[in-house]
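**Student:** Given next are the chains, with one letter for each unit.
There are 2 protein chains.
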Amino acid sequence: MAIVVRTDLDMSVGKMVAQACHAAVAASEESKRTHTKHWRRWRDTGGRKVALEAESLEELMELARRAEELGIVNVLIEDAGHTEVPPGSVTCLGVGPDQAMRVDMVTGDLPLL
Amino acid sequence: MAIVVRTDLDMSVGKMVAQACHAAVAASEESKRTHTKHWRRWRDTGGRKVALEAESLEELMELARRAEELGIVNVLIEDAGHTEVPPGSVTCLGVGPDQAMRVDMVTGDLPLL
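Quick mapping for you: the protein sequence lines, in order, are chains A and B.
When we follow this note's numbering, the leftmost residue of the first sequence carries the number 33, and every step to the right adds one.
When we follow this note's numbering, the leftmost residue of the second sequence carries the number 33, and every step to the right adds one.
Keep in mind that the hints were calculated from the coordinates and are not lab data.
All values reported here derive from a predicted model rather than from experimental measurement.
All C-beta atoms in this analysis are idealised placements derived from N, C-alpha and C, irrespective of residue type, glycine included.
A hint or two may mislead.
Said to hold, decoys possible - Cut-off 20 Å, straight-line C-alpha distance, at most; resulting in silico cross-link-like pairs (EDC-like, lysine to aspartate or glutamate): (1) B:K64 - A:E61; (2) B:K47 - B:E100; (3) A:K69 - B:E61; (4) A:K47 - B:D40; (5) B:K47 - A:D42; (6) A:K47 - A:E100.
What the hints assert, rightly or not - Computed, partial: chain B to chain A, Cβ under 10 Å: (7) I35; (8) H54; (9) G79; (10) A83; (11) L84.
Here chain A stands alone, though its shape is the one from the complex (with noise of 0.2 Å):
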């Protein structure tokens, strides 16, 4: 599972931590409904993580397209927005899981985190 994070949203660490929590928490509970093979694989190896990250909107965006086009579960985290945020900010995406190659077809040129 990839998580990208929004660096330009001047979020702090404990936002991202938690933005990034809803991101995995969601994709991990997509993944379990439609991947289910894929998810009991990725959970029984040690549900690999992997924190990285877009500088804007846009790219967020054309990765949630990307991973759409490939059939891979991908989770935009919209935040309500009550503390440091425009109310529904996308802050967010989980990618995955999913096999490595395919989730590196989405975010393989993303800096780490």
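Following the hints, complete the assembly by docking chain B onto the known chain A.
**Tutor:** Just chain B, lined up with the frame of chain A:
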């Protein structure tokens, strides 16, 4: 759900995010299995998550012990240590989901991450 991350390990932001995501997914899975009613209510009301900090392994273990005593889901995350921290380092703790008041009895005094 509270995710408590150790700040004494000098982890990068990306490492903290990935470790916290392990805790969130693991606590969610555990809670779904053992506290199904709480878990459903939590999920259906936005799956609230807060990221907090602990300054030592001892503090993290003490929080886990307190949660355990109260019958609140608690999951310690141990890192394989291939990268930034020594193998077997306990990096963070997921607490809950449970009633906010009960989670507060464990983590209410901790600073936001």
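**Student:** Look at each hint and say if it fits the structure.
**Tutor:** Consistency of the hints with the structure:
1. With a C-alpha separation of about 11 Å, the suggested pair K64 of chain B and E61 of chain A falls inside the 20 Å cut-off, and the hint holds.
2. For the hint pairing K47 of chain B with E100 of chain B, the CA-to-CA distance comes to about 26 Å; that exceeds 20 Å, so the pair is violated.
3. Between the alpha carbons of K69 of chain A and E61 of chain B the distance comes to roughly 16 Å, so the proposed pair stays at or under 20 Å and holds.
4. For the given pair, K47 of chain A sits about 19 Å from D40 of chain B by alpha-carbon distance, which is consistent with the 20 Å threshold.
5. Restraint check: the Cα-Cα separation between K47 of chain B and D42 of chain A comes to about 18 Å, which is no more than 20 Å; the hinted pair holds.
6. The straight-line distance between the Cα atoms of K47 of chain A and E100 of chain A is roughly 26 Å, outside the 20 Å bound, and the hint therefore fails.
7. Taken as an interface hint, I35 of chain B checks out: its beta carbon lies about 6 Å from the nearest beta carbon of chain A, inside 10 Å.
8. A cut of 10 Å between beta carbons decides the hint on H54 of chain B: the least distance to chain A is about 6 Å, and the hint holds.
9. The closest approach between the C-beta of G79 of chain B and any C-beta of chain A is roughly 6 Å, which is under the 10 Å cut-off, so the hint is satisfied.
10. Look at A83 of chain B: its Cβ gets to within about 4 Å of chain A, closer than 10 Å, so that hint holds up.
11. Because the closest C-beta pair between L84 of chain B and chain A is about 8 Å apart, less than 10 Å, the hint holds.
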